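> In the order they appear, the protein sequences are chains A and B. Take 1 as the starting number for the first sequence in the numbering used here and just add one per residue. Take 1 as the starting number for the second sequence in the numbering used here and just add one per residue.
In short, the hints are calculated from the structure, not lab data. Nothing here was measured: the structure is a model prediction, and the numbers come from that model. Even glycine gets a Cβ: it sits at the ideal position worked out from N, Cα and C. Among these hints, one or two may not hold up.
Unchecked claim - Quick list of simulated restraints, FRET-style, between CB atoms: (1) B:Glu563 x A:Gln296: 18 to 24 Å; (2) A:Arg42 x B:Gly649: 46 to 52 Å; (3) A:Gln296 x B:Thr358: 50 to 56 Å; (4) B:Gly649 x A:Lys583: 33 to 39 Å; (5) B:Glu329 x A:Ile161: 51 to 57 Å; (6) B:Ile64 x A:Glu651: 43 to 49 Å.
2 protein chains.
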Amino acid sequence: MHEAVFFVVPIGSIVALLFAFIQAKRVLKFPEGTEIMKKISRAVQEGANAYLKRQYSGVGLFFIVMFVLLGVMAFAGFLTPFVPFAFITGGFFSGLSGFIGMKIATASNARTAAAAQESLNRGLRVAFSSGTVMGFTVIGLGLLDLSLWFFLLKYVFYANIEEVEQITKISQAMLTFGMGASSMALFARVGGGIFTKAADVGADLVGKVEAGIPEDDPRNPAVIADNVGDNVGDVAGMGADLYESYVGSIIATIALAVSAGYNFEGAAVPLIMATVGAVASIIGTFFVRCSEHADQKHLLAALRKGTYISSLLIIIASYPVIYFILGPEHIGVWVAIISGLITGVLIGFFTEYFTSDTYKPTQNLSSSSLTGPATIIIGGIALGMFSTLIPVVIVGISILVSFYAAGGLSSFGEGLYGVGISAVGMLSTLGITLATDAYGPVADNAGGIAEMAHLPQKVRERTDALDSLGNTTAATGKGFAIGSAALTALALIVAYIDEITLKDPNFEFDLSITNPPVLIGLFIGAMLPFLFSSMTMSAVGRAAQSIVKEVRRQFKEIKGLMEGKAEADYAACVDICTRGAQKEMIAPALTGIVAPVLVGLILGVNGVAGMLAGAMITGFVLAVMMANSGGAWDNAKKYIEKGKYGGKGSEAHKAAVVGDTVGDPFKDTSGPSINILIKLLSMVSIVFAGLILKYSLLDVLFK
Amino acid sequence: MHEAVFFVVPIGSIVALLFAFIQAKRVLKFPEGTEIMKKISRAVQEGANAYLKRQYSGVGLFFIVMFVLLGVMAFAGFLTPFVPFAFITGGFFSGLSGFIGMKIATASNARTAAAAQESLNRGLRVAFSSGTVMGFTVIGLGLLDLSLWFFLLKYVFYANIEEVEQITKISQAMLTFGMGASSMALFARVGGGIFTKAADVGADLVGKVEAGIPEDDPRNPAVIADNVGDNVGDVAGMGADLYESYVGSIIATIALAVSAGYNFEGAAVPLIMATVGAVASIIGTFFVRCSEHADQKHLLAALRKGTYISSLLIIIASYPVIYFILGPEHIGVWVAIISGLITGVLIGFFTEYFTSDTYKPTQNLSSSSLTGPATIIIGGIALGMFSTLIPVVIVGISILVSFYAAGGLSSFGEGLYGVGISAVGMLSTLGITLATDAYGPVADNAGGIAEMAHLPQKVRERTDALDSLGNTTAATGKGFAIGSAALTALALIVAYIDEITLKDPNFEFDLSITNPPVLIGLFIGAMLPFLFSSMTMSAVGRAAQSIVKEVRRQFKEIKGLMEGKAEADYAACVDICTRGAQKEMIAPALTGIVAPVLVGLILGVNGVAGMLAGAMITGFVLAVMMANSGGAWDNAKKYIEKGKYGGKGSEAHKAAVVGDTVGDPFKDTSGPSINILIKLLSMVSIVFAGLILKYSLLDVLFK
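For reference, chain A alone in the conformation it holds in the complex:
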């Protein structure tokens, strides 16, 4: 291929960013509603800003320490000098994606509520447009940074070296970039997840359960913190997360291009594919429209239509990309792309099947609330565990199809490259899928504002309809994140092995599952997602306890609060959540960075590989289970609120609320962080490969 073709990537990234900018302008033109609505929205914005400011300064410190550490290691010859810088930029852009997404989301909540006063469809338009800003910012920034590094390395720093070595060095620097992005994403997901669920659980426990006031009631001091949480967790956290997934899948595939022997073309394909996807996603967004009198079902169909059209465009457009760039003999790679796209859609569908109250599983779960909280908890865990069967089978088929289509046993490297590219294919529609995903929290916030600003009941009903739709699309989004993570993690394990071979061509691998270090690594890897989930769930519990105490204090000490005569001290709750999240996010995030180094220093290279595989498989299964259990509990509760089994206030409803509360950290804190964890483990392993090759206890003792 002519190298000039590659310039479509930065151009595509600018198109995506421009599109995001235009959409942002459009959203901001909508009116914000009444003074009180503006005031509430401002409070949410301030809270979210305060949180992010604190988070970024805390995480900044971490990045400085890591920068110095990596600098020392580079100085000692274990790493190339670009590594510390690549690490920093990865973190920066991941954070920036979350930041921009949150800015637009907090600017859109009151606007969505105001628009919903007119019609459901108008509300959807505002919320969805704000979602597109987020979606295209993430992919635009991702493509920008990746192509920037690619150009710098190829045409400036490594311009004068031979092509194979050049691509190798580029992929190494890119992987560190990925490690930065993953670190940032993990902090953002975990911190945001702790914040949002501590506020949510805390507000519910005292407000709904003890004081008996409705959700989003302005008398509840934690109500603003709850709304801030939606933005810092489900928006900023998710933005950083999916930025990481997006660039991670591309970087991993670039790394595999090297071992597949594809050289420059192979490394360019994932970037060009992603660019094709960006354009296809932009076109897709124009199909998300429906009549003014559409109901919820039509809205979902409209959202789906956009995604399906984008997917179809990608399938068509990627054929010539593969045909002309890799050559007709590699057309199997095209099959891998299709396989990835279908896998994403299927995982999304089955996630919905297990968590939506329009299907049997959640309806049955709902009925188990009739015999109390214990049975709905058992039922929800059983549902989540059962729901892992189909995604595992789908991912298994996807790996097989893309591996054998793109290479097979005789061309092992090319086959694995196919697996990597199927993840890129799955995420190529990210612009539009993320848009349909990110609009959910905006609708949720809009509902809160409608309630607090005492807008007519009809408005709240509309925002509830949007919110409920958002639950479905959020479940699909999580399916994408975890599905692509399994494929990307696999690609990264291979990249790890390549990295070792590169550093020590004589290294004798024994990656057999019966080799004790591999085996022990597998055990440790299987345990890590459990340990990590335990830490994040406990963190939510502790932070929620602080909120419970604060809300109780305010109810007791602020006179006239319950009568609506005095105002609650919202900022205090926001502050407690912020502090709690900052403190609590450190240990779980560090686990992801320390574990591979520690395991490596003890068990050596083979042990690390085992750990990565163990974490990947168990992490995938556990993440699916937690997300689906949580989603099903949430919707089982909503199903009762629609009037089933006695409706709101019944014993069944109380039991379902317990289920929902347990599900909160499952689906919004621990579950969605696991996909980042398994990729971060791999990237850290790759970056520290040189160190582990040199120092490892087992090797010292038994060689």
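Put chain B on the given structure of chain A with help from the hints.
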């Protein structure tokens, strides 16, 4: 070694069985108490007999089908002709272990209650003696069957063939014997687990929560079913389970002896070691005694003393065993035995640390009940997940130590043999550890009888103290079962690979974790314990629902029941539990048999190996988590019942009851079945190895 030495094994087995017989005689001499106590005990016996009769006839049908199936396969040349018979006998003896244990347990419950009228210590003696009957029946039968098959094969069927081939063929037949034992154990554990928890949950939900009558109240129609459940689940199920663990670890090590090149000596060592352990355990039981005025702490110390003395005796006695049989150059095997023993003790200790209310974790969990059921559920799951860290590290160290002590990288086969023998070492104290474990359900039943027979409050307090001690020892027992399962499963995976090599010496393995079939196998394997747990938990839920309906019906329809004037129809509840358990145990148990065959037919040999490894690591972690979450919830509730946080009847207590109910299927149905599942998967894979070598979709398509 002189082959005559081997005769210690059948002699040891007869000594163990004789000891069990004498203990049984002793227990049966104790008086059964009043007429009403006898009547209740009789009802429990009848219920348990009815259940086992039904179960054995159902399982019998399964065994007949399998016998025919294996017979056809043997006829077609895939298996040796002994396989069907070995399979049947394994199942028979596993079932027999459970049956005898249950017989003595149901005969001891009223006797324990009667003895507890006199003193706590006397109650302990009766209950513990009944436990020893179970413990030594299991190991006696295990050693008897193993040595019987060993002798038959070595001196009759394969008398005239060369030694290496002889040992190989013996180990193959033994593995089928193990598959029979595992199948039976899985049915017994799952069926018994469903019965006991359906009865328990059902009785609690209507009795305690709805009708507000105390636990074990004779007015509750499910009360007899609840007591029957303790016997069919915690006694018969556990007996079959640990029989399987015991023979499984020995069989797996015999199989490894072949690949380690040890021949007859290597195959004899695990059996002789187990015999040494049997004798040491008998000696240990004589140290379980304490003064008449001992408190609970002293009782636990007394039980521990017995186990520690047995362990010490084994360590001393196994030195000459290894030295003279394997030779001084293999003394590293002795280190592996010690490592196994220590691993068992350490896992037991940390299990206790995480689940006993004398330590921080369960105390903290207890306090989280103050903010309602949701927080104690989240806390319990987080606790269970966190508690997986230490057992994984301990097992990891244990594998490393035994591998490197017994062989290391240069003598790979011998190293793996060391891992196998460390599992044998861990289980060599089974006679006494199982005794301290099996007495728990007897004490639990005794408490029920004391309540129903209106014995003085003091008696109930004493049986409660015994029961609570039983919870601790049961937790330790589960730690042993799962800890040894990890090591045994590993040995069995190696045995699987050996079996394939034996059947096709040219088979090219690629067991690397990056080989797609292995990788997909890993994913499927990681999912299986989740799927299996989902099935067993749902089964408990469904069966409990039927009990709830029946108890409600009886409360409504039987006039005078609540006033104590009419008698409940206990048999109806027993019958419902029996039917429910029979129906519900089929699907999960079949999963363990069908999965390896199906995965093999699609992914081939490498895929099966991946699946086994995935199931082993995830199964281990999940089993530890479920057992510890469940145990901690149970004891957190008991901690409140001792008067903390408002005591019985408080809101905190209600929340803790929810936790305990969720924990019931965790710790008594799903959790303890997983260790059987992971071994059954391996054994089925080994038995069907010939079939999979010949027919596998991937091989057909891509070779």
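> Are the hints correct? Go through all of them and say.
We went through each hint and held it up to the structure:
1. Under the hint 18 to 24 Å, the C-beta atoms of B:Glu563 and A:Gln296, about 53 Å apart, miss the expected range.
2. Taking the beta carbon of each, A:Arg42 and B:Gly649 are about 48 Å apart, inside 46 to 52 Å as hinted.
3. The hinted window of 50 to 56 Å between A:Gln296 and B:Thr358 holds, with their beta carbons roughly 54 Å apart.
4. Distance hint check: the CB atoms of B:Gly649 and A:Lys583 are about 37 Å apart, consistent with the given range 33 to 39 Å.
5. For the hinted restraint 51 to 57 Å between B:Glu329 and A:Ile161, the CB-CB distance of approximately 54 Å keeps it satisfied.
6. As the Cβ distance of B:Ile64 to A:Glu651 is approximately 48 Å, the hint placing it in 43 to 49 Å holds.
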